[in-house]
Every structure is written in C-alpha cells, then in structure tokens.
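> Combine both chains into one complex, guided by the hints.
The residues making up each chain are set out below.
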Amino acid sequence: MTEQKQHIASAFDRDLEAIQAKIMKMGGLVEAAILDASQSLEARDEELAEKVRKGDAAIDELEEMINEDAARLIALRAPTASDLRVVLSVMKIAANLERIGDYAKNMAKRTGVLVQMSPIPGSHSSLRRMAREVERQLQDALDAYIRRDVALAEDVIQRDLEIDQMYNALFREFLTHMMEDPRNITACMHLHFIAKNNERMGDHATSIAEQVVYLVTGETPDEQRPKQDKTSTDLGVAPEGSYVENSKDA
Amino acid sequence: MYDSPKSETAVQHAIKIAANKVQVYYGDTHAIKDVDVRIEDKTVTAFIGPSGCGKSTFLRTLNRMNDTIDICRVEGEILLDGENIYDKRVDPVQLRAKVGMVFQKPNPFPKSIYDNIAYGPRIHGLAKTKADLDDIVEKSLRRGAIWNEVKDRLHAPGTGLSGGQQQRLCIARAVATEPEVLLMDEPCSALDPIATGQVEELIDELRESYSVVIVTHSMQQAARVSQKTAFFHLGNLVEFGETSQIFTNPKDPRTESYITGRIG
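Sequence lines, in order, name chains E and R. For what it's worth, our numbering labels the leading residue of the first sequence as 25, then goes sequentially. For what it's worth, our numbering labels the leading residue of the second sequence as 462, then goes sequentially.
FYI, nobody ran anything at the bench for these hints, they're computed from the structure. Just so it is clear, CB atoms sit at the ideal spot from N, CA and C, and this is done for glycine as well. Some hints here could point you the wrong way.
What the hints assert, rightly or not - Cross-link-like lysine-lysine pairs, in silico, DSS-like; alpha carbons within 27 Å at most:
| hint | chain 1 | residue 1 | chain 2 | residue 2 |
| --- | --- | --- | --- | --- |
| 1 | R | K612 | R | K589 |
| 2 | E | K220 | E | K75 |
| 3 | R | K591 | R | K572 |
| 4 | R | K549 | R | K600 |
| 5 | R | K712 | E | K116 |
| 6 | E | K29 | R | K712 |
Unchecked claim - Beyond 12 Å from chain R on every Cβ pair, some chain E residues (computed):
| hint | residue |
| --- | --- |
| 7 | M48 |
| 8 | L59 |
| 9 | R68 |
| 10 | E70 |
| 11 | E92 |
| 12 | R96 |
| 13 | R101 |
| 14 | R109 |
| 15 | K133 |
| 16 | R152 |
| 17 | D188 |
| 18 | A193 |
| 19 | T200 |
| 20 | T210 |
| 21 | P245 |
What the hints assert, rightly or not - According to the in silico footprint, chain E covers these stretches of chain R (three or more CB under 8 Å from chain E):
| hint | segment |
| --- | --- |
| 22 | 521-534 |
| 23 | 704-715 |
Next comes chain R alone, as it looks inside the complex (with noise of 0.2 Å):
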C-alpha cells in the first residue's frame, strides 16, 4: 500500500508559556478577558487583531512590562516553564534577560554598536574576559543578519544605521543575552520591504533556538511567519490556532471578518 501523504503529522513542540485566565487592567478599564494560551517552544506565534485588542496589553505582560504603569493591573497566572512570573519572587530584570523583547521603533541606545549589545551581557555578567564579550557580541550579531555589515565599524554609533539595520541590531540586543523567549512588538511596522523581508528570515532562523512571539498589524506577515496564530478582538482571545487553518478555514465568525477585510 502506499502511504497516504497525509500521514506526516505537526511536529509538537513543548509548552514555553502557559497562561491561565488571565485579566489586565487599567485602572477601570478591563483590557484583557480571560486569556488561555499555550505558547510553544521553538514556534513563531503571532497575535493578531484591531487596533486597541489588547495584543499588545498580552504580550507586554510576558515580560511584565506592564509593571512600569502604575494603573495596571494583571490577574491570572502566566507560567514560564511552570513557573509563575507574577510570583513575589521572580525579579523582573532576570526575567526580561529571559523574555527579550523587540519594539516597533528601532530603539538602539545612543551609543556604538558593540555597546548596544555589550550592554546587557555587562549587567547580567554573562561575560568574564573583553575576548568572551568580543565572542558574545559577534555571535549576537550574526544571529541579528547584520554581522557582515556591521564588522568593519563597530564603534560606530548604532543610530547611524539605517531603519531596517538598526531594527536588526535591536534584534540582535536581545538576543546578546541569550533569552529563551523573544517577543516582538510590530517589529516591521517601521521598515520598508526589504528590511522586512530580512527580519522576516531572520525571526524563521530565530525559531530554531527560541519561542517566538510576534504582534504584527499584517496579516499577512502573520501568515509568512507564524506557526501559531492568536486573534484577539475587544480583549478576548477568539480564535487561537495553526496558522494554516486561521488563514484558510477560520472557525470564528469575527476571525473571518477580519482576516478577510471585512467590515467586522
């Protein structure tokens, strides 16, 4: 007999995050309603939906990000490897060293390129000798795809890059302190297409080594990149699922709507 082709099955990958009724709020406004998601290991998942969803509100709760507003409130549970990072005893600094996180705006700090990277690797004292910060900040560089143009001038200041280079170098600075989850924030909302082609095939290589989190306006940049698609709608969490299906066969009437261009 011969098999059937269908018979190759999704790899299954383990849970990095696992959120469990999860509530934000800001101040009396209820931002988010009850999310349930499972976020897998060595998988790009993307959050998508309309502007003021809460896709943004979730994933800058990965991280706590969320701490720095005062009026904000996060209930629920969200456990990294099983361990909950609202608990008392999770300092949020480790855990951002953790969960790298990637802004819409390329954000270098005002300083050279090698000091953009080296940044982090200092105050989390991941390096012992100047030739270990060397090694980390040319490995980091490499996994940013910006390496080859950067080499020659690394004392350069980062803000002298272009868009999509300084994006990379971002890119780069967070993985410089070898996160297991990186979250991205509209990382390409601000590049043109080419420098979004390459941070595209730069977060397809990142896959390999972490858990992926993207919040992306495009969806059709959801669709390139994702395995796994979350939409989100007035602070729910509709439909969560492959991304395959999301964009072929949704389930939920208001993920249609709104993949498709509708009036939703």
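Same shape as in the complex, but just chain E (with noise of 0.2 Å):
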C-alpha cells in the first residue's frame, strides 16, 4: 500500500495510530507470554509460569482498552474504507491476541502440575521447537500487519502447515507414551493439551495474517489453505505403536 496522505482532521491520524500501537504493545507482552510458557515447562520454573499467569491479566486490559478506542473511533469518525477496515481488522487482532494469551496462561497452569511429576523424555524439546515456530508465526503475522505486507502475510497463513504437523506427531508421540505406561497418561494429558494450544495459538497467528490481508486488499483470503491438523478424524494408534494412516486428506 502506498504511504497514505493525512487526514484533514489530524487528530483523527492519531487516534489510528495510537490505537495500533496499543495492538504492537499487546503483541510484545503476547509474544513474551509464549516464549516464557514454553521456557517454564521445560526449565521446570514455577515462578516464571506464575508470572505468566499473572501477566495475563495486562493483556485481557489491553484488549478491552483496544475495543473502547475503537467503538468510539467509530462512534465519532465514522471511518471510512481503509480507515473502516484499520479499526475493523484492529478489533479482531486484539481478541486474537487475547486468545493466544489465554492459551499461554493455559500452558503455565498446566506447568505447575507438570513440575510435580517426572519428566517425559523428549516431549520437551519439541513443545520448545513448537513454540518457537507458534511465536515466530506470530511476530511475522503482527510484523506484516505494521508493514502492511500482504507477501509476508501470505507465508504465514502457509506456514501454519508446519505447525499442524508438528501437533500431530506430538499427539501420536504421548499416545504412544501413554500405552506404554498408564503412569504417563496423567502428564500426557497436560502435555498434549500443551501441545493443542500450541497448535491453536498458530490458528490465531494465521487469523491475524489474514486480517492483514484484509485490511490491504478490502477481501478476506480464500479458506483454501493447507491444513495438517488431522487427529481429529484419527483413529489412534496400532497396539505396536505403529500409526494408522489416514486415508482422507484434510
């Protein structure tokens, strides 16, 4: 998009600027929130998944401090065209983020149980490698969203993809867990709930991508993507471990 002229009433620029600042700041705090989830489960430190669970609460005020700017942007400017689709897509970003930062504050809570109980080899450093690309995701998504940089948007709603396929060999991995030893079912089960809100929270990063693809183009991108998230139609497990194939593509 090219550098948009000012509008006439200049105060009407600044409350569109500052009501997407509020949305970076709410990234970063987002942002931080995945990669200090993931850093407790696996360092085992209670206190910084205590402080993730704490500073959830700074992002759900956020949010509503984004949704007041906007319902009154809209009450008295009654924005138009690209400045419509700046508040529109703005509102939907920040209750996106807030789910990602639900889903953060999940995993810290489920950290804490975690720490009580003996560690399942391996399981770590893939939930690691999982956040790290769910945060990447996202810093791209918000990235592509201050640029407008529909290229950059694109790639993530693809790259989403990755993420599904590493939700689905994590979640073939604790089943096998678990029937190797019932012992494990109880951390498993936090883990692979883990894991889902992972996967979810790379949903949402792809839903902020699209918003940015809106919010250039004024059309929402065809539903036509890649999608790998397929152990909601699985059937389990073989009883040797081995995988049952799924013949339907999602």
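Written out as structure tokens, the structure reads:
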C-alpha cells in the first residue's frame, strides 16, 4: 500500500496511530508470554510460570482498551474504506491476541502440575520447537500488519501447515507414551493440551495474517489453505505403537 | 449441503438513464469530461465529490436544466428509456415532468400548500375534475410524508411551513406530476438532523416507485440512502459502483482519499 495521505482532521490520524500502537504493545506482551510459558515448562520453572499466569491480566486489559478506543473511533469519526478496515482488523486482532494470551496462561497453569511429575523424555524439546515456531509466526503476522505486507502475511498463512504437522507428531508421541505406561497418562494429557494450545495459537496467528490481507486488499483470503491437523479424524494408534495412516486428506 | 449465505445476489434493475460520453462546457470551461454512467430504475444513485467537481452540473443535464444557461453546451447522449433527451423533438417541459427535481433550498411557490402541489398537474392537464385534483394533492402529500402535518391547513401558504416541511412539500410537488426519475440536488443541506432523517426515510420509500438520483455533500448520507454511488472529481467520473463497495473498498485512490477525509 502506498503511503497514505494525512487526514484533514489530524486528530483522526493520531487516534488511528494510537490504537495500532496498543496492538503492537499487546503483541509484544503475548509473544513474551508464549516464550516464557514454553521456557517455564522446559526449565520446570514454577516462578516463571506464575509470572505468565499473572501477566495475562495486562493483556486482557489492553484488549478492553482497544475495544473501547475502536468503539469511540467508530462513533466519533465514522471511518470509511481503509480507515474502517483498520478499525475492524484492530478489533479482531485484539481478540486473537487475547486468546493466544489465554492459551499461554493455560500452558503455564499446566506447568505448575507437570513439575510435580517425572518428565516425559523428548517431549520438552519438541514442545519448545513448536512454541518457537508459533512465536515466530505471531511475530511475522504482526510485522506484516505494521508493514502492511501481504506477501509476508500469505507466507504466515501457508506456514501454519508446519505447526499442524508438529502437533500431529506430538499427538502420536504422547499416545505412544500413554500406551507404554499408564503412569504417564496424567503428564501426557497435560502435555497434549499444551501441544494443542500451541496449535490453536498458531491458528490465531494465521487469523491475524488473514486480517492483514483484508486490511490491505479489502478482501478476505480464500479458506483453501493447507491443513494438516488430522488428529480429530484419526483413529488412534495400532497396538504395536505404529501409526494408523489416515487415508482422508484434510 | 448448507447453502453459502454469500450465494444471494443483488437484485438487478433495468437501466433508466444511460449517459454516453457526455461533455459539458460552460463557455471555454470543460466542466464534465467523457462521463459514461448507467442509472438504474428503482434505485437511489448518489453523486458525491468535492465542490466544483461537476456533480450538480451533471445532475442538471439529466433533465436539461442547463438549457437555461446560455453559455452551457452539452455533447454526447443521455438516453431516458433508450430515447435521447437532447433530441430536437423532445419538449424540455414534458421531460421535466418525467424527470422531477428537488433543490438544495426548499423553494415552495408563494401559494397555498394545495396550490403548490396542484400547479404541476394543472399545467400538464393530469386532472379532469376538482375531485381528481384533490386526489392527486392528497396522494402526493402522502408520498411526501407530510400529509398528516398539513391536511388541516391545505390552504395556508406553503412558505409558512418549517424548513423540513417545506422540503418535503417540494418533494411532494415533484412527485405530483408522476415523474419516473427524481433528481435531488443536496435536498438536506438546509435541514436539521431530524428533518434530514425524515427526508432520507422518504427517499428510501420513493425508491419503490422511482429512480432517484441525489447529489450530496454528506458522505454518510450517500452511504445511508443510496445503493449506487458515483464519485466525481475535476469533471471526471472517477468511480461508480455499489455503495457498500465504494465505502468499504474503493478501487481508485482518489475515491479513497476523498471518502476517508484526506487531503486530495
């Protein structure tokens, strides 16, 4: 998008900038929450987990402020065209970020339980890689937003596939652990929810990227993006721990 | 399978007015450049644009109001139901009965409310008897959404009404000759928000029977009342499309600058 001219009412420009600055601030907090939640799990750091749980209130508060600002902007300025799309996308992105924050908080809660159990070998590094990828996706989505970069946003949308694949692999891994030793079930259930949380966070990052496409082009991208989360249609694992290949493509 | 809610498509109306390559000159000034536009029947079409962009000039070409200006010259063709209104055989007075007009400032005749409405039907011979004329007056005032306010004082002067009432009286007067098209040149700019709301409500009702073309400086008004919007800039028709598209996702950067209130 070419550089927009300024509004005749300069206060309108300031309002639009202020609301977008709040989104970036919220994005920064949420990115940190993802990394901290993942770090607290890996390092079995209860204190850090507690920090993530408490930090969620600030994220929620920012969402509320953004919604109030957006409502005021709509009422007072009656935005149209790209201005309208800025306000609409800001509201949706704030909702996406708030949900990601909730998932991070939920991960941190489960960490509190998991530190009291013996670790499941190999799971932490996979979960860390997944959280890193999710955080990178979110960062790219927010960068694309602030730079109005549709190509980067499209890239984020396409890359969600990789997170889905990571989740698939973890799903099967946890299932295997649970079958091998029922004493792993509690820990693996929690770990599975953490993996699922990561997968959902990835979806919200994708949704932010879709908002970028809408903001710039005025059109929502096609739903025809690759999806690889097959676990909801998966039958489970065969007795030997081998995988049941799912013949139906998502 | 569930049907996609997007599958419902917009209703397509017949073309009422087709303008082809219209040029308007005031002396040496080229005021309207190469305008092509299709105005649909039973639709409200809004013309928007900054002052001096030619939207009122173009509106006035649609019922040959520019004929009254000596130095004004119109080229190209404007077809009303397929017939060129600038053809020599067309009588401008008859044309204006078909294509009515409402102006910016309410301009009732200095006559009674009744005579304001009855004037047009009388000169066009639309009523045979007094009862016929009474009928037309009542029907028109009802269409103008002002009947209930004036029915007890039909013989009071029209100029004694409030601004909003006067404007609705003028709309009633315009519909009294059974026009097919109603042109409105900033019909609400002299009215308060309540009178504006009433006139807008009225415009929406008129859409069922007429093709309405409205020039407005209020973009919110264009967004509220119209289905189609045309954006004029420096005598050019920059963009024409569905009102919802123009206000959410205009294609031309000049339209975008104008409707978002940026210096353009």
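> Taking 27 Å as the top limit, are the C-alpha atoms of R:K549 and R:K600 close enough?
34 Å, violated
> Mind taking a look at whether chain E covers the segment 521-534 of chain R? Criterion is 3 or more residues with CB to CB distance under 8 Å.
violated (count 0)
> Say whether it holds or is violated: E:M48 keeps its Cβ farther than 12 Å from all Cβ of chain R.
22 Å, holds
> Would you check the hint for E:K29 and R:K712, treating anything up to 27 Å between C-alpha atoms as holding?
16 Å, holds
> Once the closest CB in chain R is found, is it more than 12 Å from E:A193?
E:A193 is indeed farther than 12 Å from all Cβ atoms of chain R, at 33 Å.
> Far enough from chain R: is every CB of that chain over 12 Å from the CB of E:T200?
38 Å, holds
> Can we confirm that no CB of chain R comes within 12 Å of the CB of E:T210?
40 Å, holds
> Compute the least Cβ-Cβ separation between E:D188 and chain R, then decide whether it is above 12 Å.
Its Cβ never comes within 12 Å of chain R, the nearest being 25 Å, so this holds.
> Holds or violated: is the Cβ of E:L59 farther than 12 Å from all Cβ atoms of chain R?
Holds, because the least Cβ-Cβ distance between E:L59 and chain R comes to about 37 Å, which exceeds 12 Å.
> Verify that the Cβ of E:E92 lies farther than 12 Å from every Cβ atom of chain R, and report whether the claim holds or is violated.
22 Å, holds
> Beyond 12 Å from chain R, beta-carbon-wise, is E:R152?
Non-interface label on E:R152 holds, nearest chain R Cβ at 41 Å vs cutoff 12 Å.
> Given the hint that R:K612 pairs with R:K589, does the C-alpha gap stay at or below 27 Å?
22 Å, holds
Hints 4, 13, 14 and 22 from the list above are not met by this structure, while the remaining hints are.
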